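Peer 1: Listed below are the residues making up each chain.
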Amino acid sequence: MRIFDHPNYDFIKWRWHAFALSGLVVLAGVAFVVSRGGVPMGIDFTGGTIVVAKFEQPVAEDAVRQALAATPGEKVVQSYGDAADNQVLIRLPQMGDENAGNLDEAAKSVVQSLGAAGLPKFELLSQEIVGPVIGRELQLKGIYATLASIVGIAIYIALRFRPAFAIGAIAATLHDVLITIAFLALFGYELSLNVVAALLTITGYSVNDTIVIFDRVRENMRSARRDPLEKVVNTAVNQTLSRTVITAGTTFLSVLGLYLFGGEVLEGFAFTMLVGIVSGTYSTVFIAAAIAIILGNRQGAATAVSGAAVKVKTATARRS
Amino acid sequence: MSKNLRWKVLTILTVIGLSVWAFVPPQDKIRLGLDLKGGVHLVMRVQTDDALRVETETTADRLRETLRTQTIPVTGITVAGPNEFRVAGVPTAQDAQFRQALVDIDLIYDRSQSLTNYTFRLKPSVVSQLRDETVNQALQTIERRVNELGVAEPVVARHSAADQILVQLPGVSDVNRAKEIIRSTALLELKLVEQGPFPDEASARQAFAGNVPPDMQILPGRSEGTAGSAPTTVYYAVRRVAAVTGRDLRNARPSLDENNRPAVSFSLNNEGAVKFGNFTQANINRQLGIVLDGRVYSAPNIQSRIDSEGRITGNFTQQEAADLGLTLRSGALPASLTYLEERTVGPTLGADSVRAGVIASTGGLVFVLLFLLYYYKLAGFNAFVSITTNLIILLGLMAYLGATMTLPGIAGFILTIGMGVDSNVLIFERIKEELTGGKGVKAAVAAGFDRVFLTILDTHVASLISAAFLFQFGTGPIRGFATTLTIGLLANVFTAVFVSRTMFELFLSRRDQPATLSI
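In order, the protein sequence lines correspond to chains A and B.
According to our numbering, the stretch in the first sequence is residues 1 to 320, in order.
According to our numbering, the stretch in the second sequence is residues 1 to 519, in order.
Since the hints were derived computationally from the structure, they do not count as laboratory data.
Keep in mind the model is a prediction, meaning the values are calculated, not measured.
It cannot be assumed that every hint is accurate.
Unchecked claim - Cross-link-like lysine to any residue pairs, in silico, SDA-like; alpha carbons within 25 Å at most:
#1 B:Lys439 - A:Pro7
#2 B:Lys179 - A:Gln112
#3 B:Lys439 - A:Arg218
#4 B:Lys432 - A:Phe122
#5 B:Lys179 - A:Arg218
#6 A:Lys108 - B:Thr348
#7 B:Lys179 - A:Pro93
#8 A:Lys108 - B:Leu149
#9 A:Lys231 - B:Glu434
#10 A:Lys54 - B:Asn176
#11 A:Lys108 - B:Asn176
#12 B:Lys432 - A:Arg225
#13 B:Lys179 - A:Val133
#14 A:Lys108 - B:Gln318
#15 B:Lys432 - A:Tyr9
#16 B:Lys432 - A:Asn220
#17 A:Lys121 - B:Asp174
#18 A:Lys121 - B:Arg177
#19 A:Lys141 - B:Ala162
#20 B:Lys179 - A:Phe122
#21 B:Lys432 - A:Val133
#22 A:Lys54 - B:Arg355
Said to hold, decoys possible - Computed footprint of chain B on chain A; a stretch qualifies when at least three of its residues, placed anywhere within it, have a C-beta under 8 Å from a C-beta of chain B:
#23 118–132
#24 255–265
Positions of the beta carbon are idealized from the N, C-alpha and C atoms, including for glycine.
Based on the provided sequences and hints, a complete structural model is requested.
Peer 2: Here's what the structure looks like:
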């Protein structure tokens with residue numbers, strides 16, 4: 001059984017359309033994020049307090065909001081998890097001063113207000129308090145880890161394949177990260193530690209796809225020495241198409257299961273992965289390969305360093 | 001079956017057997033992270049400036065004493081910052097003598113002089129060494145306290161920044177008590193009370209005409225009060241230098257005072273007992289201040305020589321007395337602590353997360369395996385075995401290495417399944433291609449595995465690179481994810497390449513030259 005019987009689609013022909021589409025989506029995403037005042041950050045990075053309370057009987061979110069009216073700062077109150085569980089998540093901005101040693105002031109005042117408001121009995125499911133120092137540290141670490149991971153992978157690809165391929169892979173990965181962040185903002189998810197973990201996983205996943213195709217390109221270059229790079233790459237994309245679709249499809253569906261049934265804590269993680277898988281698959285076919293071709297040809301035209309580059313040069317010369 | 005093949009099968013069965021043995025029963029063998037088990041995660045900063053200030057104050061005090069015995073009159077010695085003190089008005093005639101008194105101080109302080117005034121600054125190397133020592137001491141003290149709390153598998157470790165300490169207490173739900181026990185300085189000092197009690201701080205200063213001598217300090221305290229009336233805050237003028245400190249404690253335990261109220265009794269070690277004995281003997285009929293963390297808990301009259309036993313009374317509940325005993329036993333913190341981050345997960349949420357995670361990953365696994373069986377027929381069974389083996393090895397290695405399973409780690413399981421599918425699909429698609437290209441079954445299988453091996457290696461190395469940075473980036477849950485992913489990737493190279501290939505070879509060895517392959 002086969003999904004594609006001898007696929008022979010001309011993906012590379014569409015590369016400029018794909019660039020335009022990607023550029024548009026990325027630009028729209030960036031514009032949207034900027035209009036919202038930057039990437040939405042969770043308390044892991046800004047500092048703040050999140051309290052999750054489980055009530056014995058159903059409570060209206062508004063009743064909780066009213067109970068907290070006296071607590072200063074901009075609060076977010078939303079139901080958490082299954083509606084039948086009567087769970088409420090309350091988020092508050094940074095209150096106490098970590099140097100004064102009362103970082104937990106917000107959490108304490110929430111518990112007090114809820115207790116005094118005559119709401120049904122409740123227990124605290126979780127409580128997260130992050131001070132601004134840790135928030136800043138995590139922010140830096142997150143950015144550093146994402147960039148370092150992309151650079152590390154790029155170096156590996158440059159060593160194992162060619163520098164042009166590494167640039168293609170980086171462009172594709174950055175593209176995926178940007179698009180994923182835009183979608184996170186659009187759907188109201190905040191950057192949390194889990195979401196950044198998912199973003200890092202996406203960088204790995206996206207490159208994974210790219211490597212499979214590049215590997216095939218490398219192999220084909222040895223056998224089909226006469227063909228131009230465009231054709232070699234396009235053949236490689238087609239040859240690996242079944243694998244791309246099956247892998248992306250099964251991974252997407254199992255992460256979808258995680259998104260639907262994995263519980264509230266992992267929802268942001270799963271959502272990030274879902275967007276990243278779609279974007280990663282698309283960018284592998286349309287962005288990474290296309291950039292590798294463009295740069296590969298230019299490189300081939302400029303210097304005839306590697307054997308493959310020479311082939312590209314002669315091929316282009318033959319065409320013109 | 002050839003001898004070679006028999007060895008391969010044996011290897012695989014051994015690996016599976018060892019893995020299963022390592023993780024069964026999972027509820028005992030797999031260590032769960034705080035987000036799944038419930039517990040407290042705390043990051044705190046050690047205020048190392050405190051320790052520097054103590055060092056500087058002690059040095060200044062010692063110099064003051066030296067100058068007094070050598071009768072070098074100076075205008076004043078003031079502590080200007082945590083690592084700086086100044087001496088003003090050194091008489092020019094005695095400058096040389098003054099400098100001679102500085103031999104010890106010069107070892108660790110940089111000295112600068114303008115006219116008759118000297119400024120002393122702790123040397124930078126000493127500062128960083130002192131800070132480091134302080135954090136280490138705090139770490140050890142916290143470790144002792146946490147151990148006394150009786151928490152199973154706690155983590156007490158230095159955190160990312162130099163002055164941060166990470167504490168993880170699985171299964172602890174009373175955060176506030178744990179926090180208090182960890183952060184209370186628990187510095188016990190037995191000091192001579194010069195005057196007091198005074199009803200407020202102003203009147204205490206008044207007693208010295210507004211000019212408290214430099215070797216004395218005003219401390220708040222609690223009045224015993226008459227029965228029935230609420231205790232009020234009073235003030236004492238006490239000696240700055242303590243006769244005995246908590247360092248000389250041998251033991252501290254909760255007890256009762258004469259009125260049967262909870263109290264803490266302590267005993268001193270030999271050295272402390274000698275000091276305390278001499279001190280009390282010399283100060284009979286004066287007041288002894290029992291000072292804890294800069295607060296006078298009680299100020300009884302010294303009626304006779306006391307050697308080694310004492311009692312701290314106060315308005316304690318039984319729990320407070322027990323906790324105070326615990327912190328005193330574990331020693332004082334060398335500096336105060338402030339909390340930077342605090343995450344608590346209740347046991348209910350943890351259990352819910354485990355359930356949801358297991359459902360989601362089992363569902364994902366079943367779906368993927370059904371798809372592979374449907375799409376690849378018999379070869380799908382190979383994938384089934386190789387992916388299942390991968391997960392078994394993953395669980396086994398996690399149990400063997402004592403790696404922590406976290407909620408994002410469960411997501412790591414699902415991604416490992418994804419990687420397993422990917423490798424198998426890569427190989428199978430390639431075999432199909434080779435078959436279409438006209439190769440025989442045996443040759444196609446061999447070519448499929450050989451050609452794809454490099455690809456699998458490249459993709460796995462790339463993923464391992466991002467997993468490594470993930471590990472660097474994260475704490476707790478994220479590290480769990482990175483660990484799961486890394487082990488899963490390594491196991492996958494073994495299962496997708498070795499296990500799956502052996503299965504094919506096993507199948508092919510039964511027939512001489514099969515014409516078709518169910519793939």
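Peer 1: Are the hints correct? Go through all of them and say.
Peer 2: Taking the hints in turn, this is what the structure says about them:
1. B:Lys439 - A:Pro7: holds (20 Å)
2. B:Lys179 - A:Gln112: holds (19 Å)
3. B:Lys439 - A:Arg218: holds (22 Å)
4. B:Lys432 - A:Phe122: violated (59 Å)
5. B:Lys179 - A:Arg218: violated (59 Å)
6. A:Lys108 - B:Thr348: Satisfied, since the Cα-Cα distance of roughly 20 Å is no more than 25 Å.
7. B:Lys179 - A:Pro93: Distance ~22 Å between Lys179 of chain B and Pro93 of chain A Cα, so the pair holds.
8. A:Lys108 - B:Leu149: Measuring from Cα to Cα gives roughly 23 Å; hence the hint holds.
9. A:Lys231 - B:Glu434: holds (21 Å)
10. A:Lys54 - B:Asn176: holds (19 Å)
11. A:Lys108 - B:Asn176: Measuring from Cα to Cα gives roughly 10 Å; hence the hint holds.
12. B:Lys432 - A:Arg225: Cα-Cα ~24 Å, so holds.
13. B:Lys179 - A:Val133: Satisfied, since the Cα-Cα distance of roughly 19 Å is no more than 25 Å.
14. A:Lys108 - B:Gln318: Status holds; Cα separation ~24 Å.
15. B:Lys432 - A:Tyr9: holds (19 Å)
16. B:Lys432 - A:Asn220: Holds - the C-alpha atoms of Asn220 of chain A and Lys432 of chain B are around 17 Å apart, at most 25 Å.
17. A:Lys121 - B:Asp174: OK: Lys121 of chain A and Asp174 of chain B at ~18 Å, within 25 Å.
18. A:Lys121 - B:Arg177: Holds, because 22 Å separates the two Cα atoms, which is no more than 25 Å.
19. A:Lys141 - B:Ala162: With a Cα-Cα distance of about 15 Å, the restraint between Lys141 of chain A and Ala162 of chain B holds, given a limit of 25 Å.
20. B:Lys179 - A:Phe122: The hint holds at about 22 Å.
21. B:Lys432 - A:Val133: At roughly 56 Å apart (the allowed maximum being 25 Å), Val133 of chain A and Lys432 of chain B break the hint.
22. A:Lys54 - B:Arg355: Distance ~18 Å between Lys54 of chain A and Arg355 of chain B Cα, so the pair holds.
23. 118–132: holds (count 9)
24. 255–265: holds (count 8)
Going down the numbered hints, you'll see the structure goes against 4, 5 and 21, while the others check out.
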